[in-house]
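Novice: Residue numbers (this note's numbering), protein chains in the order written: chain A, 175 to 286; chain B, 1103 to 1214.
If you're looking for bench data, these hints aren't it; they were derived computationally from the structure. Each hint can be trusted.
Quick partial rundown of chain A residues pointing at chain B, CB under 8 Å, derived from the structure:
(1) L217
(2) L219
(3) P274
(4) N279
(5) G280
If you want the ones that stay clear, here's a sample from chain B, every Cβ over 12 Å from chain A, calculated:
(6) S1116
(7) Q1160
(8) K1170
Computed from a predicted structure; not experimentally measured. C-beta: ideal position from N, C-alpha, C; glycine also.
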Amino acid sequence: NAGVTQTPKFQVLKTGQSMTLQCAQDMNHEYMSWYRQDPGMGLRLIHYSVGAGITDQGEVPNGYNVSRSTTEDFPLRLLSAAPSQTSVYFCASSYGSNSPLHFGNGTRLTVT
Amino acid sequence: AQSVTQPDIHITVSEGASLELRCNYSYGATPYLFWYVQSPGQGLQLLLKYFSGDTLVQGIKGFEAEFKRSQSSFNLRKPSVHWSDAAEYFCAGAGTASKLTFGTGTRLQVTL
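Chain A on its own, in the form it takes in the complex (with noise of 0.2 Å):
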């Protein structure tokens, strides 16, 4: 059982490039979301879905794109990478609003 999968683990980017960072689930979970983590900052919610087709914006949305075209992946995109985007990010999963969430590894981002 894989659980919550992040690729890649590790990614080093140029100032105004972009990418996506990939998420997948296999445990039919129909709530995800994105966390980023700062040191010293926890972890803070970048942007979240309640199911497919479902997205909304976190307490950090700005500089990120997501969308939920299936229930198992949620990609983030990162439209125009600054170095304040250096981070570790991670993806969680949950079966809804009462359930905790499951944690994917995680993804550190180092954009120069």
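Use these hints to put chain B onto chain A, whose structure you have.
Specialist: Quick look at chain B alone, frame taken from chain A:
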């Protein structure tokens, strides 16, 4: 504003000693509350959760937490710490279990 506060950035305990990690929350109603643990380079693993009911909740790895409404606290405890418990611990809360606000984390060091 809704928030979760972990006042201790770093704690060091001796192996075999007891542990208490502090967490305070600020929500209008009783939130869903969680403790997660993160080992280096890994995602977050759920230790325990509180939704309602019994205010003392048991989790995995011998951890427990007590919800105290009067003190707006949800402190994590363990009677006897093992060296393998060294990690970063995050308290999180939300009006719904899947849209979490995280504290800034407490790094636990265990000395032998």
